[in-house]
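Sequences and hints are given; from them, build the entire structure.
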Amino acid sequence: MKIDVDHIAKLSKLSFSGEEKLKMERELSSIIEMVEKLPETNVNLNEADASNIMDLREDIVCPSMPRDELLKNAPEVKAGCIVVPKTVEQ
Amino acid sequence: MELYNKSASELSKMLRAKEVSAVEIADSVYKRIENVDDKVGAYLETNYEKAIKMAKKADEMIAEGKGTVMTGIPVAVKDNICVKGYKATCASKMLENFEPPYNAFVTENLIKAGAVITGKVNMDEFAMGSSTENSALKRTANPHDLSRVPGGSSGGSAAAVAAREAIVSLGSDTGGSIRQPASFCGVVGLKPTYSSVSRYGLVAFASSLDQIGPIGKTVADTAALYSVIAGKDSMDSTSLEANFNLSLASGGSLSGVKIGIPKQYFGDGVSAKVKELVMNAAKTLESAGATLVNVDLPGTDYALSAYYIISCAEASSNLSRYDGVKYGYRAENPKSLEELFVRSRSEGFGDEVKRRIMLGTFVLSSGYYDAYYKKAKLFQQKLKEEFKTAFRSCDMLLTPTSPDVAFRIGEIEDPLKMYASDICTVTVNLAGLPAVSVPVEGTKDNMPVGMQFIGKPFADAEILRVAGIYEDLIGGFKTQVKF
Chain A
1 MKIDVDHIAK
11 LSKLSFSGEE
21 KLKMERELSS
31 IIEMVEKLPE
41 TNVNLNEADA
51 SNIMDLREDI
61 VCPSMPRDEL
71 LKNAPEVKAG
81 CIVVPKTVEQ
Chain B
1 MELYNKSASE
11 LSKMLRAKEV
21 SAVEIADSVY
31 KRIENVDDKV
41 GAYLETNYEK
51 AIKMAKKADE
61 MIAEGKGTVM
71 TGIPVAVKDN
81 ICVKGYKATC
91 ASKMLENFEP
101 PYNAFVTENL
111 IKAGAVITGK
121 VNMDEFAMGS
131 STENSALKRT
141 ANPHDLSRVP
151 GGSSGGSAAA
161 VAAREAIVSL
171 GSDTGGSIRQ
181 PASFCGVVGL
191 KPTYSSVSRY
201 GLVAFASSLD
211 QIGPIGKTVA
221 DTAALYSVIA
231 GKDSMDSTSL
241 EANFNLSLAS
251 GGSLSGVKIG
261 IPKQYFGDGV
271 SAKVKELVMN
281 AAKTLESAGA
291 TLVNVDLPGT
301 DYALSAYYII
311 SCAEASSNLS
321 RYDGVKYGYR
331 AENPKSLEEL
341 FVRSRSEGFG
351 DEVKRRIMLG
361 TFVLSSGYYD
371 AYYKKAKLFQ
381 QKLKEEFKTA
391 FRSCDMLLTP
401 TSPDVAFRIG
411 EIEDPLKMYA
421 SDICTVTVNL
431 AGLPAVSVPV
441 EGTKDNMPVG
451 MQFIGKPFAD
461 AEILRVAGIY
471 EDLIGGFKTQ
481 VKF
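Chains as they are written, first to last, in this note's numbering: chain A, 1 to 90; chain B, 1 to 483.
Hints are computed from structural coordinates only; laboratory data are not their basis.
For glycine and all other residues, C-beta sits at the position ideal for the given N, C-alpha and C.
Treat the hints loosely; a few may be bogus.
[Unchecked claim] Pair ranges (Cβ atoms, derived):
#	chain 1	residue 1	chain 2	residue 2	range
1	A	V83	B	K382	45 to 55 Å
2	A	L22	B	S287	20 to 30 Å
3	B	N294	A	N73	46 to 56 Å
4	A	E40	B	S366	35 to 45 Å
5	B	N294	A	K72	53 to 63 Å
6	B	S317	A	M34	47 to 57 Å
7	B	S208	A	M34	17 to 27 Å
8	B	E286	A	P66	53 to 63 Å
9	A	V83	B	D268	53 to 63 Å
10	A	S17	B	N294	47 to 57 Å
11	B	R16	A	M34	51 to 61 Å
[Stated by the list, open to error] List time: in silico SDA-like cross-link candidates among lysine to any residue, alpha-carbon distance up to 25 Å:
#	chain 1	residue 1	chain 2	residue 2
12	A	K2	B	K87
13	B	K31	B	M61
14	A	K21	B	Y369
15	A	K23	B	E352
16	B	K326	A	L11
17	B	K275	B	D296
18	B	K84	A	N73
19	B	K50	B	V23
20	A	K78	B	K87
[As the list claims (entries may be wrong)] Output of the computed footprint for chain B on chain A, the stretches with three or more beta carbons under 8 Å from beta carbons of chain B:
#	segment
21	3 to 9
22	13 to 21
23	30 to 44
24	60 to 73
Okay, here's the thing in structure tokens:
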């Protein structure tokens, strides 16, 4: 199967140089050839089990992590905000 | 015998009898790390001062009579599990400088239990791999033969325990990442039932398959560490109260225990010597009272395909958070936001991670979703039903953990061949079952061989119990490293 590497890379927000692209195309094709062996299955996807519902925690307001500590890992911070390149044209 | 050579159970007894202090144990393990980690390369980060501080706290707990099975026991933690004060790099350039501002649920439990965290250990980047060769930060060797891989992705966790650089360790298992390295390194590794350990603070790879689990030199050590990390957590809505009772994980007999041998796990892809050693172990169990039954799991042959579709689909979604904005690697001088995303990701991720993101994106993309992802999810359902049927005629299954012993570093370059090494382990994750890998009696090419007991959901204690009986029957695992 021919894989449209450019299209999948665009969706994945990844870029590949010419040589990398050829290698990725080759490897993806062989991996997909392997996973294609999967047979058709005659089962229905199980509906959610109503007798065994997921136990969600109460919606209670509680302190969250300190902002300063969270921002410590940000690549660039100014005045308590994360800096990114300009996103709106003037 | 040096303290670092002892098991957690032995050390725990000595601690309670005041024959040794937690500080002395931590010191012994740290000296061992200093002496051997140059050649093994298990650790990405260590911190002697922090370890000693935790050990002092453990000694206080013991003095106050508050010690538990894990108090004062040195534990190495895989680098995709958050420990405040340590980085959580996932062995990726993407998170090379990431320091989590919080502890994982399992870390909090270790701290409460008075365990001593020795440091963070190496892995395949984002837990994607079967040899730890995909680490962007370090090479880890198999302590039994330094020219071989330790397995993966929890290669550092298994190598650290095998090389006696930690008494026990935590790993994570998405498709075999605890069991396969445990098997390659001659130690015990448990992949718990899905949902019995909270994933809060575990960096996500494939959330419906990921599970944190323990590694130890003995079954008892592995069970003890598991008893501390299992349990419900409000921060992970998939977690359940596992009701794991440590006292049920040992003792008793094999009488009435039916062990299923699924022929699909003893096929052509598995080395003849590995099959022979695992069947010898099965016979050992039989002569001690267990009954062996043949079971059929025809879906096994296709499990690898379903696994790579589902795990990569989830990975492509989970890893979309690494965009160079809030944390992690950011490319220099991007001209636009789009360029910031694309270049940060392309420069920050390694080849295997990119391959899996691409595969996952492809199987979820418009026009292919039904043909791949949906088909794989349906197949997963069928596989679960196959296991359910098999468990009507037996209590647990016994299979090889890996088709062969640890391969040489650099030996497998083809991604497909590397994926094939997960053939015996991925089914367990797809079905959400517990499985424990233990070393079998005997070796192949002087390397340890592993077998796994696969249990019914939440039968973690029962498979550990039977694994422990096997350990006793063969007079303990003889997988000491040579240095």
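Results for each hint:
{"no.": "1", "hint": "V83/A with K382/B: 45 to 55 Å", "verdict": "holds (50 Å)"}
{"no.": "2", "hint": "L22/A with S287/B: 20 to 30 Å", "verdict": "violated (57 Å)"}
{"no.": "3", "hint": "N294/B with N73/A: 46 to 56 Å", "verdict": "holds (53 Å)"}
{"no.": "4", "hint": "E40/A with S366/B: 35 to 45 Å", "verdict": "violated (21 Å)"}
{"no.": "5", "hint": "N294/B with K72/A: 53 to 63 Å", "verdict": "holds (57 Å)"}
{"no.": "6", "hint": "S317/B with M34/A: 47 to 57 Å", "verdict": "violated (22 Å)"}
{"no.": "7", "hint": "S208/B with M34/A: 17 to 27 Å", "verdict": "holds (21 Å)"}
{"no.": "8", "hint": "E286/B with P66/A: 53 to 63 Å", "verdict": "holds (59 Å)"}
{"no.": "9", "hint": "V83/A with D268/B: 53 to 63 Å", "verdict": "holds (57 Å)"}
{"no.": "10", "hint": "S17/A with N294/B: 47 to 57 Å", "verdict": "holds (52 Å)"}
{"no.": "11", "hint": "R16/B with M34/A: 51 to 61 Å", "verdict": "holds (53 Å)"}
{"no.": "12", "hint": "K2/A with K87/B", "verdict": "violated (41 Å)"}
{"no.": "13", "hint": "K31/B with M61/B", "verdict": "holds (24 Å)"}
{"no.": "14", "hint": "K21/A with Y369/B", "verdict": "holds (23 Å)"}
{"no.": "15", "hint": "K23/A with E352/B", "verdict": "holds (12 Å)"}
{"no.": "16", "hint": "K326/B with L11/A", "verdict": "holds (20 Å)"}
{"no.": "17", "hint": "K275/B with D296/B", "verdict": "holds (17 Å)"}
{"no.": "18", "hint": "K84/B with N73/A", "verdict": "holds (13 Å)"}
{"no.": "19", "hint": "K50/B with V23/B", "verdict": "holds (11 Å)"}
{"no.": "20", "hint": "K78/A with K87/B", "verdict": "holds (23 Å)"}
{"no.": "21", "hint": "3 to 9", "verdict": "holds (count 5)"}
{"no.": "22", "hint": "13 to 21", "verdict": "holds (count 4)"}
{"no.": "23", "hint": "30 to 44", "verdict": "holds (count 13)"}
{"no.": "24", "hint": "60 to 73", "verdict": "holds (count 6)"}
When each numbered hint is compared with the structure, violations occur for hints 2, 4, 6 and 12.
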